[in-house]
Amino acid sequence: MSREITITTLKYNPSDENSKPTFVDYKLEETPGMTLYIALSKIKATLDHDLTSDFVCRAGICGACGMIINGKPKLACKTLTSEFKDARIELLPLPTFKLIKDLSVDTGSWMKNMSMRVNSWIVTNEEYDISKFEKRIEPEVADEIFELDRCIECGLCVAGCSTAIMREDFVGAVGLNRVARFSIDPHDSRTDEDFYELIGDDEGIFGCMSLLACEDYCPKNLPLQSKIAYMRRKMVKV
Amino acid sequence: MSQENVVESLLGETTQKKKSRIPARLDFLQSATGLFLAIFMIFHMLFVSTILISKDFMLSVTKAFELNFIFEGGSPVPVFIAISIVFVVFIFHAFLAMRKFPISYRQYLRLKTNSDLMNHGDTKLWIIQVVTGFALFFLGSIHLYTMLTNPGNIGPYASSDRVFSDLMWPLYIVLLIAVEFHGSIGLYRLSVKWGWFEGEDSKVSRKKLKKAKIILTVVMLTLGVMTLMAYMKIGYDHQENYGEKYMHTTEVNHAN
Ligand code: HEM
Chain A
1 MSREITITTL KYNPSDENSK PTFVDYKLEE TPGMTLYIAL SKIKATLDHD
51 LTSDFVCRAG ICGACGMIIN GKPKLACKTL TSEFKDARIE LLPLPTFKLI
101 KDLSVDTGSW MKNMSMRVNS WIVTNEEYDI SKFEKRIEPE VADEIFELDR
151 CIECGLCVAG CSTAIMREDF VGAVGLNRVA RFSIDPHDSR TDEDFYELIG
201 DDEGIFGCMS LLACEDYCPK NLPLQSKIAY MRRKMVKV
Chain B
1 MSQENVVESL LGETTQKKKS RIPARLDFLQ SATGLFLAIF MIFHMLFVST
51 ILISKDFMLS VTKAFELNFI FEGGSPVPVF IAISIVFVVF IFHAFLAMRK
101 FPISYRQYLR LKTNSDLMNH GDTKLWIIQV VTGFALFFLG SIHLYTMLTN
151 PGNIGPYASS DRVFSDLMWP LYIVLLIAVE FHGSIGLYRL SVKWGWFEGE
201 DSKVSRKKLK KAKIILTVVM LTLGVMTLMA YMKIGYDHQE NYGEKYMHTT
251 EVNHAN
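Quick mapping for you: the protein sequence lines, in order, are chains A and B. According to my numbering, the stretch in the first sequence is residues 1 to 238, in order. According to my numbering, the stretch in the second sequence is residues 1 to 256, in order.
If we strip away everything but chain B, and leave its shape as in the complex, we get:
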């Protein structure tokens, strides 16, 4: 046990009689991990929604993530590494943000009463963030673990089979809603928390940020629902051939 830690825990200050810098680092990392995840969420949606364009296009995107321009036919290793990084950041973010949860009956009651009485928009948004954050512990972990153990099994048919035949769709519907609300509210909160895009008048910029947040939620949810429906449809049509991998149309023609 370091004497430094003993002193700080006893006295609330370091041996130099200074306050610890840890709370500052934790606050920064909470925001940084949240920002990373929110940006990831947006790009992730863009990539999975390529299925709306065509199966071939989605396949080439997944193959690009498998670095098929380096490894012949693609390798699951880079995908595994990418998912591992996201999983670690995800766990770290949950660990940090969890500190803000109401953790006793009294705190819960005080929060709920205050929010219900005031009917104050940003307070309600925060409660949505806590509830969806809690849900993400489970939903996000299941999804990330599934992908971590199937890094080479992502593609137009493989993913659709997972969504439809492996019954991931009920989880994905809830995950989609939770993550889109959580992420877009989180981005809004980051902006007001650190004063990004504040401009001359913070009241005006806050209104704009809130509008941007709503647009982001609506766009992402719409795109998400359409994408999920597309995978459902492909998975439904493909259930007889469960497990078969999709081949790029040019390759199919070639084989014929």
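Isolated chain A, as found in the complex:
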């Protein structure tokens, strides 16, 4: 038995002078296994060609479809409309990131700044020879690094973080996780002192107030609580 669902979204185009932020209701019929990605595609195809939201992979890998779904930061492609018993779903764009239009935000520029800020790459004093295999590392260590590398930069940890919401220059769990990833990588020769130069301030590790929304809303279930605590313990000793 299918039911009618109502999806309310914020519509606003900041680059259009005449546009004012308004909430718009869309009513549509729920289909079996419908995700919000499917629902939004249907709205765009049949009800409102002007509605803007981002999608690429539809499978929780690209991180493009993050939005606030009934108050919580989630990926639209991983959220089933059937989760909402009262058949009402309210959508907002992710806060903190620059709004492009409606539900579409620019996470890319934010993530690029963050990557530059935390020097999100391997730094080594060893001569690198690309014709040779990389230095071998223990499988357990590799697993741990790959685990942290699963971050898709969707921005949900930043959108859920009250620290980031209040203080826009906070590096966010995504940035701290990145530093943790390089700090455990034996290929990287940076020391704790070097990492302190990147995150040893109130916009970095010491700004985190441990509210743990990052941990709770990460769609990839990254161990953010544990890795932030790990970096904090290291950085406080420097």
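It should be emphasised that the hints constitute simulated quantities derived from the structure, not laboratory data. Keep in mind it's a predicted model, so treat the numbers as computed, not measured. There could be a bad hint or two in this list.
[As the list claims (entries may be wrong)] Ranges of calculated distance between the beta carbons of each label pair, as one might list FRET restraints:
1) A:Asp106 with B:Leu26: 48 to 58 Å
2) A:Arg136 with B:Thr222: 54 to 64 Å
3) B:Met232 with A:Arg3: 50 to 60 Å
4) B:Phe43 with A:Lys20: 35 to 45 Å
5) A:Glu126 with B:Glu4: 27 to 37 Å
6) B:Ser104 with A:Asp129: 50 to 60 Å
7) A:Pro186 with B:Leu52: 52 to 62 Å
8) B:Ser9 with A:Thr46: 36 to 46 Å
9) A:Arg233 with B:Phe43: 21 to 31 Å
[Unchecked claim] Calculated lysine-lysine pairs in the DSS-like style (CA-CA distance at most 27 Å, straight line):
10) A:Lys112 with A:Lys42
11) B:Lys17 with A:Lys237
12) B:Lys112 with A:Lys234
13) A:Lys220 with B:Lys211
Think of the CB as a built atom: it goes at the ideal place given N, C-alpha and C, for glycine as much as any other residue.
The hints should help you fit chain B with the ligand onto chain A, whose structure is shown.
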């Protein structure tokens, strides 16, 4: 003005082109002072609640704090020193933790909206901590100052008179609620912040920590309310003899 400070304030780095270590020290001290106060809160409750056992027992505990095993009849000086230390740590903790308050309308609005929309447990707990922390500026200071100026005036009757006849009880009710919530949430936060008791699976240990936090709040609040009621009752019965000091039953028998 030190040139080191001028350089750091201008450039955000020291003359050695390094980041300052101060933020690390401040974060550590914020946690250390919080931990000290939370542990103090627990022991403080244990000591004041001795009144639930008996007046005599409470008196011997206060006398022990007055170091009556060294000074004949006890001295208020050690109590004064202990309260001074707690007061200094308390002020220092407030000074450090205050840095996290939302301090503009915009920050307040963003925090409140985010928290209301998400309805996320730990975010709400933090807001409780900010609100109770703010209340503690006033409640805690009044209490600590009162004790600082009455270090020799703590005991079964003296304290009960203060609670009842001196009308401290309305303040104590609010202080009790504020400090118990603030302290137990604070201990939970310290654990997740520094990764204490994390074990193999941080998700499992976090659930346990949260349960421990709730138990701590409930136990401390229950004990606190019972203790406050006990002092109220004694203070009520003793209002005619306001100011009279309690004598240990063995001494009373002796006098007779
Ligand atoms: C004027 C008094 C106080 C104020 C303004 C205050 C404020 C705060 C604030 C805003 C936080 C959160 C800090 C953060 O998220 O990083 C905090 C943390 C904490 N507070 Fe207080 N507080 C006060 C008194 C107390 C007292 C009396 C206790 C003990 C019962 C206490 C124990 C703690 C603990 C254990 C923490 C966690 C520390 C941390 O996160 O590093 N505080 N306090």
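Sort out which numbered hints this structure fails and list those numbers smallest first. Violated: hints 1, 4, 8, 10, 12.
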